[in-house]
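Those protein sequences? They're chains B and W, same order as listed. Everything in the first sequence is counted per the working numbering, starting at 393 for the first residue and increasing by one. Everything in the second sequence is counted per the working numbering, starting at 16 for the first residue and increasing by one.
Please note: incorrect hints may appear among the correct ones.
Mimicking DSS-like on lysine-lysine, the simulated pairs with C-alpha atoms at most 30 Å apart in a straight line are [to be verified]: (1) B/Lys1045 <-> W/Lys85; (2) B/Lys1037 <-> W/Lys93; (3) B/Lys1008 <-> W/Lys29; (4) B/Lys1000 <-> W/Lys29; (5) B/Lys956 <-> B/Lys945; (6) W/Lys29 <-> B/Lys1001; (7) W/Lys113 <-> B/Lys1037; (8) B/Lys941 <-> W/Lys29; (9) W/Lys29 <-> B/Lys955; (10) B/Lys966 <-> B/Lys991; (11) B/Lys910 <-> B/Lys966; (12) B/Lys941 <-> W/Lys42; (13) B/Lys1017 <-> W/Lys42; (14) B/Lys1037 <-> W/Lys29; (15) B/Lys1017 <-> W/Lys29; (16) W/Lys29 <-> B/Lys929; (17) W/Lys114 <-> B/Lys1019; (18) W/Lys29 <-> B/Lys994; (19) W/Lys85 <-> B/Lys1037; (20) W/Lys43 <-> B/Lys1037; (21) W/Lys42 <-> B/Lys1045; (22) B/Lys1045 <-> W/Lys59; (23) B/Lys1017 <-> W/Lys43; (24) B/Lys966 <-> B/Lys1001; (25) W/Lys114 <-> B/Lys1037; (26) B/Lys945 <-> W/Lys29; (27) B/Lys1045 <-> W/Lys113; (28) W/Lys93 <-> B/Lys1045; (29) B/Lys910 <-> W/Lys29; (30) W/Lys52 <-> B/Lys1019; (31) B/Lys1045 <-> W/Lys114; (32) B/Lys1019 <-> W/Lys43; (33) W/Lys29 <-> B/Lys1019; (34) W/Lys42 <-> B/Lys1008; (35) B/Lys1037 <-> W/Lys42.
For the record, the hints were derived by calculation from the structure and aren't laboratory data.
Single-letter residue listing:
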Amino acid sequence: MVKGRGYEFAVLCLRPFCLPKDEVDAWANTDGLGDSLPVHEVRQGKGWDVAVTEEGKTLNLFPFSRRAIVYLYNNLLQENYRTPRYLLRDVVEKTVRDALWNFDNFPGFKIVNTNINSSLREAIQKTGVSNAQFERMYLFMCIWGDATTDTYQEGEFTYISGLSTQVYEDMGFPLINGKKISGKPTQTRSVSQAAGQASPSTTVVKTPAQIAAEQKLQAERAQLNESLQAIENWIAGGTINVGATTGNVVLISKAREDMCSYLYSAIDWQAEGVSMDNVDKIKKVKDRLVGFERQKRGADQMFYKLPADRETQAVIEAFLEWNVLGKRSWNFNGADRRVYRVQLWTEKVKRPLIEAITTFENREIDYFKCAMIAEFYRVILFGSSKATTVEGLKAEHILDNGIRGLGVNSHSDAWNSLLNIITRSENDKINRETVIQYCNIIQGESHAQVFLDREKFDAMVRNVKNEKLTVESSILDLVDPVKPRRDARDYLRMILERLDKVQEDELAKAAGIMATIKENFGTTDIDDEDIEDMVDKIVEFYRTAEDNKLPGKYDQELFDEVKKYSMSTSKAIKEIVAAQKTTNALDCILAFSQDPIRKVEKLEQLLKKVVVDIAKIQAELTVRKEKLGGGRNPSGSQNVFDNEKVTISECSKILARLEGQYVN
Amino acid sequence: MLIDTLNECIIDMKTVREMETASADTKKQAAADYDFKQLVLNLKQTINEVNFAVENSGFHPSANVISALKSFLGACDKVIQIGAANNDTTQYISLETKKCMLLSDKNGRNIIRKLQPIR
Chain B
393 MVKGRGYEFA
403 VLCLRPFCLP
413 KDEVDAWANT
423 DGLGDSLPVH
433 EVRQGKGWDV
443 AVTEEGKTLN
453 LFPFSRRAIV
463 YLYNNLLQEN
473 YRTPRYLLRD
483 VVEKTVRDAL
493 WNFDNFPGFK
503 IVNTNINSSL
513 REAIQKTGVS
523 NAQFERMYLF
533 MCIWGDATTD
543 TYQEGEFTYI
553 SGLSTQVYED
563 MGFPLINGKK
573 ISGKPTQTRS
583 VSQAAGQASP
593 STTVVKTPAQ
603 IAAEQKLQAE
613 RAQLNESLQA
623 IENWIAGGTI
633 NVGATTGNVV
643 LISKAREDMC
653 SYLYSAIDWQ
663 AEGVSMDNVD
673 KIKKVKDRLV
683 GFERQKRGAD
693 QMFYKLPADR
703 ETQAVIEAFL
713 EWNVLGKRSW
723 NFNGADRRVY
733 RVQLWTEKVK
743 RPLIEAITTF
753 ENREIDYFKC
763 AMIAEFYRVI
773 LFGSSKATTV
783 EGLKAEHILD
793 NGIRGLGVNS
803 HSDAWNSLLN
813 IITRSENDKI
823 NRETVIQYCN
833 IIQGESHAQV
843 FLDREKFDAM
853 VRNVKNEKLT
863 VESSILDLVD
873 PVKPRRDARD
883 YLRMILERLD
893 KVQEDELAKA
903 AGIMATIKEN
913 FGTTDIDDED
923 IEDMVDKIVE
933 FYRTAEDNKL
943 PGKYDQELFD
953 EVKKYSMSTS
963 KAIKEIVAAQ
973 KTTNALDCIL
983 AFSQDPIRKV
993 EKLEQLLKKV
1003 VVDIAKIQAE
1013 LTVRKEKLGG
1023 GRNPSGSQNV
1033 FDNEKVTISE
1043 CSKILARLEG
1053 QYVN
Chain W
16 MLIDTLNECI
26 IDMKTVREME
36 TASADTKKQA
46 AADYDFKQLV
56 LNLKQTINEV
66 NFAVENSGFH
76 PSANVISALK
86 SFLGACDKVI
96 QIGAANNDTT
106 QYISLETKKC
116 MLLSDKNGRN
126 IIRKLQPIR
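Isolated chain W, as found in the complex (with noise of 0.2 Å):
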């Protein structure tokens, strides 16, 4: 009877509809989580230079420095413990990571090409 198959349509329209909504906010999150995973990334390599520039060139980065580089990497470790990155999270970290490198520069040099030279 067509009562019944327009029933079963109907509920396949709405069952596909929720489906497609939910999909739709997994593709949001795995942009906000490559974001993140690209933010964590740009964060070892800073901190990987930092490094080296202590270990080959006597350079001492500054306490302020190394607070929020912990900083950060604490604020990822919760996104990494929700398991879920947002962008404004990310954007915040990713901002605030590029000021802090600028922080000791107060002459107009960042740290990396403070130390470029010594290299």
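One chain only, chain B, in its complex shape (with noise of 0.2 Å):
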């Protein structure tokens, strides 16, 4: 219905409320023609358009335009609704009551704006106005007016966005300083409107290749005047699909990409203060580092949300403007403001933006700290470091010790259980990483120098001294919201959890071998001369044994190791009894660090291997001993040749009387 000059409908519509009621009854009554139609005398409204009837009449359209009664019947009306009855109750009647009793809030009732011109919004924020001001002039200039900045002089009239400054001075809006053009434009059309046409037809052939071109741009604007209106219609109150990949969310899902990729490389994140290592960790994540108010996917993955306003509205538009118009450059009209404007929102959203990247839970972020205090756990759990109390901790023993393997030691089982938690999954190398990234400064685009903050890494090192490399367990339950920050604070939480039990059982196993020592040394506090006096004895011992052909190996071998280690064995047993005595987790730790068990242990082997033999002998020499007779002596009697006595005495006589008898 509302084509062409439609509009005269709702103009007739409109005499009733501009003139006493007997005077329309009197026109009704008579014909109810054009021709014989009361015209009202302007009281309110002067300046505003006209619409002039086939008769000729001019009618003042107070406080519709054309433009409006137009933009109000397809916006406001449904399609199947779209009937002079409800034109009337639904556009002309709703309207000019909001004028009647709302004027100071006029429009007030809802319209959804789909004539979209960032230049004018820019245009209306110059003039300083209120935000609420702002909203109800831009649609007021978007809906009632042309929704462009052009300034033009007609009669007495000045025209901006084809509405007289009358208008505007009804409505206490300011006059916006817009572009001057010569005279009333021929055919106005919203900005969207002219993204979206293609250019004047020319007689000049094109190529299919040309033809497919223009039709691809063609599109990429029709899109993306559907995002410009999303955000418009965001910016309204409506909600926004970000994320999804259909329709017109897919352009604004891209410049939401494109605005955080700017932001990580716009925003000189060290000379603010922030570590490299957590940006780098930021982008590793899901959780964008800006989002939107809103915004119907992943309301929570966001580092700071960017509200639901003008200015970002205008920077949106920005970053669609490059991506569609600028083809992921610059390089398009009116980009130069763009950029300007994309400026101005860095600086102001640089600081809730660092302060959202370097905090959580209402605190720093820390993970670094805890890091640092894995790592040092790590360093002395490796035996990395030569230090056995916190307080010879120094950095170097984290910068000079790199990721090592389990290898061969004599730590009891929970130490090496513990040991290969921490280098699982290659833990140890990201979380050395880390500690060693976060206080490194990076030079040059490619990274090409990095120095490493000393200063800032030696205060680190003392805080973590300070408090005994321990976190407490109240704030080690917060919950980081990034993941590789929060691995971090699990890895230090699953070493911290299993200290005590590696404390114990190194206590246990230690206390196993210092039992034997006091049991054949009736002393722990032995110096390396004892030892060296006790391998002495063994080797008589074996020695003799071998002399005796008596069981047990004579093991050179570790004799010698034994006596060639007697001092470090000594030290090791005096570190022992020094870990015996600590009181809590991590100074036990450190004292058995250097794993002192695994120096005793060759001494405790060899005692062991003694006592053995020892028992083994003993037998060996009680059997033998039965065997001798118990001990009787083995020369046995002294009368043993008793009756060959007495038979040589015999053959004596025998032989006598023979040689006194017989014998010539």
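Join these two chains into a complex; the hints should help.
Printed below as a string of structure tokens:
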């Protein structure tokens, strides 16, 4: 119905609001034709848009404009309700009532604006109006006016955006500094419409490739317009389905990614005191640097929520245009203005953004501290640090000691289990990387030069040492929203939770060895000479056993080793004694960190071997003594030849008799 | 303390070794004594046979035989006086006794066999 001059019906409908009832009734009761249409005297709405009837009568359209009537008809009424009845009820009456009773806030009813022009918004903002006034003025100029900044003179009136300055005065709007043009434009159209329209047809014959390119461009610009409209709707209170991969949201989603990429590169994080390690970790998570208020998906997956306001809209539009019009560059009309806008916005969001990525749970991020504590524990547990007290720990113990494999050691099972956990899935490498990278200062675009901020690093070392490599469990239980940062926290928790068990098992293992030493030496306060004397005696024992062909292997290698390392063994025994006197897990594992048990183990092995061999030899000696008659003199009886003595005597007598009787 | 236990064990080992060394010598002597005792028994049998032959067949042993036998008895008596036999002595007497009994038989017959036809 409302096509061309179709707004005339609405104009006619306005008559009853402008004239006395009698006058209207009289006109209706006579012929009701246009020729006899009564025209009211304009008391309110002077300078507002007018309509000229076919009969040549000029009718003031206050509080409408011709554009407003057409727009409201198309946008307030659903397609099946575009009838005179609904036009009268839902457009004319609604608007007039609003103007009559709520003119200060007119237009105060909800109208979805599809005539978008960012230049017009900026022009209005430059007038310094309040946010509420801005929204009202922008809506009015887009719906009642032509949504441009065009300014021209016609007759006694100056027109801005197709509306006379009188209208702005009536509405209480300031006048924008618009773009001056020579006269009334012959055809007005919104920027969005203009963006969507193809260039005027020419007679030049185009190649299929050119036609395809043009069609593609048109499709892109149509998509851009849809996106701009979606943003406008969002500003008006709607939601935004950013993240979806269909429809007009694709470009907006892309714009959000571009905004994040831009912020990552535009902000000099290091100059702002933000570690690049933190920035790198944030880049790895699905949470985005910025997101939108009232976005449907992932409302909690962002570090900084951009408010649904005109500034955000301008920035999003800038990135939409950067992508579509500039083909991912700032090479398009009006880009300089967009760049300026984005730069202003960048400075504005920088502080809250930095705060968002450097804090969580209302406290400064502390993942680096956790990582450093964990790294110190790794260095201690692997024995890489020679320190046996917290005070002895130094920055160099971290900086100079790289990742180590498990290797052979004599620690308890719990200790080795913890070492396994520390190195599982390269957690040790990842954590160390965090510690090293956090204080690095990177220079050059391609990270060509990296310097360690030693002052900062040393300060952190002092800090964690002062806190005895511990973190309160209530703080450790806080959940850092950034997983790579949270990993450092979890890594430390995993270590701290196992320290008591490690201490317990290590002390138990040491107790066994020390019991053997005390049992055999009579004391644990032994020096290297005591050990050497013991070895000498043991060697004599085995040599004697060997001479007697008694059991017990003479292990020269073991004897030599124990004797050779008697001094370090003695020292290790003293370390174990000191460890047994510690009162907390950290001091205990520090005391055991150089694996003193391993240094004492050879001595223990020797002592155990000797004890076993003594038992065997003593048993053998008992058997052999039994064989010797229980220790009696083995030389036997002294009267062994008594019988023979008698025999010899008898034989001598026989021979004597034979000799006397018969020998010649 | 282990070092004391080691000392005790070392002394014990040395003592047993001395005892075992001594024990080994005694066994050797016992064997020599046994051989000596057999020698004395053999010598007694020889003298008894000579005596039997004299008493029953008028056989008269030579003075050398009697002297040799007396010498053998004297050597045995010395061994008895020492209280310990030695293999060398025993083997010597045993060998010499056999030689002596063959001396008087210049025709290739020993005394015992010579006497047998008479009996």
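Verification of the supplied hints:
no.	hint	result
1	B/Lys1045 <-> W/Lys85	holds, 10 Å
2	B/Lys1037 <-> W/Lys93	holds, 10 Å
3	B/Lys1008 <-> W/Lys29	holds, 16 Å
4	B/Lys1000 <-> W/Lys29	holds, 23 Å
5	B/Lys956 <-> B/Lys945	holds, 20 Å
6	W/Lys29 <-> B/Lys1001	holds, 21 Å
7	W/Lys113 <-> B/Lys1037	holds, 21 Å
8	B/Lys941 <-> W/Lys29	holds, 12 Å
9	W/Lys29 <-> B/Lys955	holds, 26 Å
10	B/Lys966 <-> B/Lys991	holds, 11 Å
11	B/Lys910 <-> B/Lys966	holds, 13 Å
12	B/Lys941 <-> W/Lys42	holds, 20 Å
13	B/Lys1017 <-> W/Lys42	holds, 16 Å
14	B/Lys1037 <-> W/Lys29	violated, 39 Å
15	B/Lys1017 <-> W/Lys29	holds, 12 Å
16	W/Lys29 <-> B/Lys929	holds, 15 Å
17	W/Lys114 <-> B/Lys1019	violated, 43 Å
18	W/Lys29 <-> B/Lys994	holds, 29 Å
19	W/Lys85 <-> B/Lys1037	holds, 14 Å
20	W/Lys43 <-> B/Lys1037	holds, 21 Å
21	W/Lys42 <-> B/Lys1045	violated, 33 Å
22	B/Lys1045 <-> W/Lys59	holds, 11 Å
23	B/Lys1017 <-> W/Lys43	holds, 19 Å
24	B/Lys966 <-> B/Lys1001	holds, 23 Å
25	W/Lys114 <-> B/Lys1037	holds, 24 Å
26	B/Lys945 <-> W/Lys29	holds, 18 Å
27	B/Lys1045 <-> W/Lys113	holds, 21 Å
28	W/Lys93 <-> B/Lys1045	holds, 17 Å
29	B/Lys910 <-> W/Lys29	holds, 28 Å
30	W/Lys52 <-> B/Lys1019	holds, 26 Å
31	B/Lys1045 <-> W/Lys114	holds, 22 Å
32	B/Lys1019 <-> W/Lys43	holds, 17 Å
33	W/Lys29 <-> B/Lys1019	holds, 16 Å
34	W/Lys42 <-> B/Lys1008	holds, 28 Å
35	B/Lys1037 <-> W/Lys42	holds, 22 Å
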